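2 protein chains.
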Amino acid sequence: MEIPIYIYLALIAGILSILMAIVFAKKVMKADPGNERMQEVSGYIESGAGTFIKTQYKILGIFVIVLAIALLFLPSPLAGGSRMIVFMNWEQSLCYIIGAIASMLSGWLGMKVGVKANTRAAQGCTIGTKEGFNVAFFGGAVMGLAVVGSALIGVSIIYMVFQNPLVILGFSFGASSVALFMKCGGGIYTKTADVGADLVGKAEYKLPEDDPRNPATIADNVGDNVGDIAGMGSDLFDSYVASIVAAMILTTALIAGPAMPIFVTLPLVLCAVGLIASLLGIYFIKWFGSEEPGKALNTGTYLATVLYVGLAFIMIYIMAADYPGYAGRLWRIYWATVIGLLSGIVIGFTSDYYTREDRKPTRKVAEAALEGDAVVILSGFSYGLMSVVPAAVGIIIAMAIAYMLEGVLGVAMAAVGMLAIVGTIVANDAYGPICDNARGIAEQGELGDEVIRVADKMDSAGNTAKAITKGFAIGAANLTVMALMFSFAHEAGISVIDLLSINVLIGAFIGVVVPALFSALLILAVQRNAGKMVNEIRRQFEENPKILTGEEPADFNKCIDIATRGALRELVFPSIISIIIPIGVGILFGVAALAAFLAGAILSGFVFAIFMSNSGGSFDNAKKFIEDGNLGGKGTDAHKASITGDTVGDPFKDTAGPSINTLLVVMSLTASIFMGFLLLFGGGLGLLAAWM
Amino acid sequence: MEIPIYIYLALIAGILSILMAIVFAKKVMKADPGNERMQEVSGYIESGAGTFIKTQYKILGIFVIVLAIALLFLPSPLAGGSRMIVFMNWEQSLCYIIGAIASMLSGWLGMKVGVKANTRAAQGCTIGTKEGFNVAFFGGAVMGLAVVGSALIGVSIIYMVFQNPLVILGFSFGASSVALFMKCGGGIYTKTADVGADLVGKAEYKLPEDDPRNPATIADNVGDNVGDIAGMGSDLFDSYVASIVAAMILTTALIAGPAMPIFVTLPLVLCAVGLIASLLGIYFIKWFGSEEPGKALNTGTYLATVLYVGLAFIMIYIMAADYPGYAGRLWRIYWATVIGLLSGIVIGFTSDYYTREDRKPTRKVAEAALEGDAVVILSGFSYGLMSVVPAAVGIIIAMAIAYMLEGVLGVAMAAVGMLAIVGTIVANDAYGPICDNARGIAEQGELGDEVIRVADKMDSAGNTAKAITKGFAIGAANLTVMALMFSFAHEAGISVIDLLSINVLIGAFIGVVVPALFSALLILAVQRNAGKMVNEIRRQFEENPKILTGEEPADFNKCIDIATRGALRELVFPSIISIIIPIGVGILFGVAALAAFLAGAILSGFVFAIFMSNSGGSFDNAKKFIEDGNLGGKGTDAHKASITGDTVGDPFKDTAGPSINTLLVVMSLTASIFMGFLLLFGGGLGLLAAWM
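Chains R and S supply the protein sequences, listed in that same order.
Read in order, the letters of the first sequence correspond to residues 7 to 698 in our numbering.
Read in order, the letters of the second sequence correspond to residues 7 to 698 in our numbering.
If you're looking for bench data, these hints aren't it; they were derived computationally from the structure.
Note that the coordinates shown come from a computational prediction; the quantities given were computed from them, not determined experimentally.
Just so you know, not all the hints are guaranteed correct.
Unchecked claim - Result set (DSSO-like, lysine-lysine): computed pairs, CA atoms no more than 27 Å apart in a straight line:
| # | chain 1 | residue 1 | chain 2 | residue 2 |
| --- | --- | --- | --- | --- |
| 1 | S | Lys301 | R | Lys646 |
| 2 | S | Lys136 | S | Lys370 |
| 3 | S | Lys538 | R | Lys370 |
| 4 | S | Lys370 | R | Lys564 |
| 5 | S | Lys640 | R | Lys646 |
| 6 | S | Lys646 | R | Lys538 |
| 7 | S | Lys646 | R | Lys212 |
| 8 | R | Lys118 | R | Lys212 |
| 9 | R | Lys463 | R | Lys292 |
| 10 | R | Lys60 | R | Lys36 |
| 11 | S | Lys630 | R | Lys646 |
| 12 | R | Lys301 | R | Lys366 |
| 13 | R | Lys370 | S | Lys564 |
| 14 | S | Lys301 | S | Lys564 |
| 15 | R | Lys538 | S | Lys370 |
| 16 | S | Lys208 | S | Lys538 |
| 17 | R | Lys136 | R | Lys118 |
| 18 | S | Lys646 | R | Lys630 |
| 19 | R | Lys640 | S | Lys564 |
| 20 | R | Lys646 | R | Lys538 |
| 21 | R | Lys646 | S | Lys208 |
| 22 | S | Lys463 | S | Lys552 |
| 23 | R | Lys366 | S | Lys538 |
| 24 | S | Lys64 | S | Lys33 |
| 25 | R | Lys292 | R | Lys36 |
| 26 | S | Lys33 | S | Lys301 |
What the hints assert, rightly or not - Away from chain R, derived, C-beta distances all over 12 Å, residues of chain S:
| # | residue |
| --- | --- |
| 27 | Arg362 |
| 28 | Ile403 |
| 29 | Glu456 |
All C-beta atoms, glycine included, are put in the ideal place defined by N, C-alpha and C.
Chain R extracted, bound-state conformation:
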């Protein structure tokens, strides 16, 4: 089979992206790391983050090796085209390991640069907003570019070698396994530290945010790095690769003949175009990012979108000229990607609307704080649920139009389009925690109020950007898993997923329940760990009163240790069920029920993910609104109530909500990868088929 020359575009763009990441990383390293105290604090954060990642990667290593061995014994998708049982499925197993390593490496690089960037950004703030912004933003961009680059290089090389997208499923599954650990573990870690620090330090002892006397401060900063930078990066790595693979698999299933190689590489080509749009967007943000960081970040996103639409138009124009027979389909796919990208922007806007303090919902949540803790919770909870509606409408319209254009392949390409500018998205997102850390370091390095004000401004821009990127990430993951569900159904030879069949209905039922269970497990994990953290902080303050007076340093390491151990202990069960449950459904009820299970989980997961992210964001900003002096300002009962809201919202928005994406991708990929195995049970009808 001849592979079109266009695929080299993806490879070259990937390599370029990695090179740029290295250039940006060097730029960050060259910046002034600030005074000794700042470097000390930054060093603590770096060593805490390093410890967590090292321990996490060790457990992850075991997990990956076990699964790689398991994959080895699955029926190979390469066995002569038919699904014969030929064991020694080394191709997927190998790619699985490569995918896991690629994701781990880019997570590690992103986080490493992130922790270097924080003190340098804080120091930059002493000169001005522009200087601080540039360091923080370049630091974040490293993560974004590393993710996109390694994904594109990995996928295009694997495709060139094996010429079968089913092998790339292994790569994607590797990336997902890592994402699941990073997202759950990082999410639990960051909120254990944050909630613990808030409950005792801020609420009981009235210490300000980031106060160096609070023993959980460093753990909180570490959490931002491991949860928000490495976790978010691996999450989008995972969605990105999965969207490409789903589109490639559907192409091989749906498009036959000489057109196939052209269309199968099209997702890679369009992602390469998107990467170039992202790179230009990142440069633009750098130029624009003088005094208005918030505006710069958003304008950069919109610019990357517009550039994608324009550049992809040119690309498709060239390809259509090259392959005039396929022009119609090429254009339809182009429009599907554009629709996908636009709907991502719509969902981002929705999240922004529901979480911004100058819009009605969050304003109402803040006002509810005047009536007490319970009312603020009810209000944020309800607006979070309401916010699902416009986001769902956005996705539904995108799905419908993409389907009208090119059927299920159109839906898959909409997901690709949505993720095309993922470089910009990850960069904007990783910027946030760097600024958050920079603010902390500025506080602890005693750089003065003016510098903290600048850092605060940068931080607040990061929060707004984060609301948008989080909506984007959920929407993209949703379309991606939809495409994976379709590709699973095609591969399993399922022509209909009929809800009137009882096994299918049961599959859908279980699917709808799983995101609820998963969310509950993660929130309880945070709650349990935060309880331990609370006890430890109280113990330190009680046993050594000199910590509170600032005469002696708090024992940061103890808190880091609690967060690390707790996160690692707690992530195992949710991770395992996300692999066990789909396999169990497939074995008992058959592959059609498993497809319905995925559909149920996708739909209910969307509701939970959007609801939790947006209610959490709204609680957070309602609190900030009050802290800015509104509705009585700090120290009032309303402020106290808004802190309760924020504490409830923390694990919603930073642990459970964003982990659901990864859960869905992992479950979908598990279904696809284990399909050959599941077909062994009752010919894919499941063990219970005989009785149903």
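With the hints as your guide, set chain S onto chain R.
For chain S alone, coordinates are given in the frame of chain R:
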């Protein structure tokens, strides 16, 4: 067509049931209504409840008339067997009005007796637990028997007249329209008053529960009657009728020839058996209910279950002897009903486990209160979500076994079985608010601590019974709407609901989102109204300090007025969308998408209903656990945190959670009733079919 003689059993049982309700009502009226102050308070409650019901029924009347006229112009299901467009669908329209009136009458009767029973039960408590219990329980039983009796009489007469279950859909839809208003309106009313009374009276002014100085006390008591007695009664009336209709429609669709009349009346016959089991259960509870009200209620439920299993066995044995050719199917249907009933008990147990203060989940929620308001919320929220899992497993197993026995008809019969003992369930449930009121009246009538202790004991038994019946109600509604979805699909000629079709997937997506939106709207309604109530209570205390000293009475009427107006204003929008959205989905995306919409709503509705009911129940009991002197007891920070939890849980468990049942039934019936109309759009494929 010959109607088997067995149907008269249903009619006779129904009439018997109404007669018993009247006997019980008279018994209640004969009891001593207590001292003057008690009668005065009871009079306030009665007049408040009367005002609400009257205003509610006025609006409801308009709604019913408008819909009855709309139904008149739908294509008639009786038009010569084929779905020809013959307008003047007077049969369904007439039955719709009858169903609405029957539900309104039994709601009115139940509530009327309920408000008479409260002061008499309080007076009974001065003699002993047994005397108090008997009055409260008989008062509740009136509602239970009125519901079951009028439903059985209505359905059996309509069937005898028209001999077509599709006409009974009208009756069922009438009952559902009433239930929707009563459940949403009553739910908003009761929590507006309760939350308002708690937030100001208890939290700010430290008044005890039911203190007569609290201006919202009477409104709170009224709320128990309109929300918990009338609302719950109309909810179960609605599920009960719907389960019978769904089974009858599926029978006519699936069973042809001379066997049909036997099987089509079987749901009615089995419900009659269940009614007799319930009556015996109610008598047993009366005998047993000496000193252990909690045990008596639960034992009564189990006894009714066992009696149903035994009596239905005898009944089927007789019928199998009468129709030996159908013995196999008769027995399979028998077992399906038994499985349904048992799974109801399992779900009830689950709710009980997750909400009881002596079990791990609620104990953990109570312990979380030690760490503050936010942690208790996170904990109750998570355990509520976890509780969905065992309940879902129970329903799934019941569905699977029932399906193995007799296909979709088996599932429908499982719903009938689950609801067979609904008389006992409603009786137990209505007992709760009567005791709650009795406690309030004992407090306000100054009957002394010993009497209040007795009333408290009765009240706490009511709460436990309520947890079980609520789980039961959700499970029953779930299986019922499942059966309605199947019957809708059969009637609409849908042979497959394929999730791989984009319109079906979109339908399911919208369905999954709707319960989230509906919950949010109801909770926000409570929050808005409670805010007004809070302001009013504060105003009264501030403008007239003599209220707090007890020298002058509070202005109860103002609070009743706020709750009434607010509830009526807020229920309109959620009620209308529950009819508009399914019709809209059907018009745009076709009937198959509408079936998927129902499936999505059923599954996600189950998750939300169980989660909200159980987390609410757990918050409530965690608070009671602390108030009983545990974990520091009253007045501590932990107690305060547990009150926050309870206040959040209130609209979860008493407004949004239980309303979802009714929402699902209304949406399913809307689909069935409007089906002929929806088939006019693109032949049932929907307006968008051409583009998809």
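How the hints compare with the structure:
| no. | hint | in the structure |
| --- | --- | --- |
| 1 | Lys301/S <-> Lys646/R | 43 Å, violated |
| 2 | Lys136/S <-> Lys370/S | 34 Å, violated |
| 3 | Lys538/S <-> Lys370/R | 15 Å, holds |
| 4 | Lys370/S <-> Lys564/R | 26 Å, holds |
| 5 | Lys640/S <-> Lys646/R | 21 Å, holds |
| 6 | Lys646/S <-> Lys538/R | 22 Å, holds |
| 7 | Lys646/S <-> Lys212/R | 20 Å, holds |
| 8 | Lys118/R <-> Lys212/R | 32 Å, violated |
| 9 | Lys463/R <-> Lys292/R | 16 Å, holds |
| 10 | Lys60/R <-> Lys36/R | 26 Å, holds |
| 11 | Lys630/S <-> Lys646/R | 24 Å, holds |
| 12 | Lys301/R <-> Lys366/R | 21 Å, holds |
| 13 | Lys370/R <-> Lys564/S | 25 Å, holds |
| 14 | Lys301/S <-> Lys564/S | 40 Å, violated |
| 15 | Lys538/R <-> Lys370/S | 15 Å, holds |
| 16 | Lys208/S <-> Lys538/S | 17 Å, holds |
| 17 | Lys136/R <-> Lys118/R | 23 Å, holds |
| 18 | Lys646/S <-> Lys630/R | 24 Å, holds |
| 19 | Lys640/R <-> Lys564/S | 35 Å, violated |
| 20 | Lys646/R <-> Lys538/R | 22 Å, holds |
| 21 | Lys646/R <-> Lys208/S | 19 Å, holds |
| 22 | Lys463/S <-> Lys552/S | 33 Å, violated |
| 23 | Lys366/R <-> Lys538/S | 19 Å, holds |
| 24 | Lys64/S <-> Lys33/S | 31 Å, violated |
| 25 | Lys292/R <-> Lys36/R | 17 Å, holds |
| 26 | Lys33/S <-> Lys301/S | 23 Å, holds |
| 27 | Arg362 | 19 Å, holds |
| 28 | Ile403 | 9 Å, violated |
| 29 | Glu456 | 33 Å, holds |
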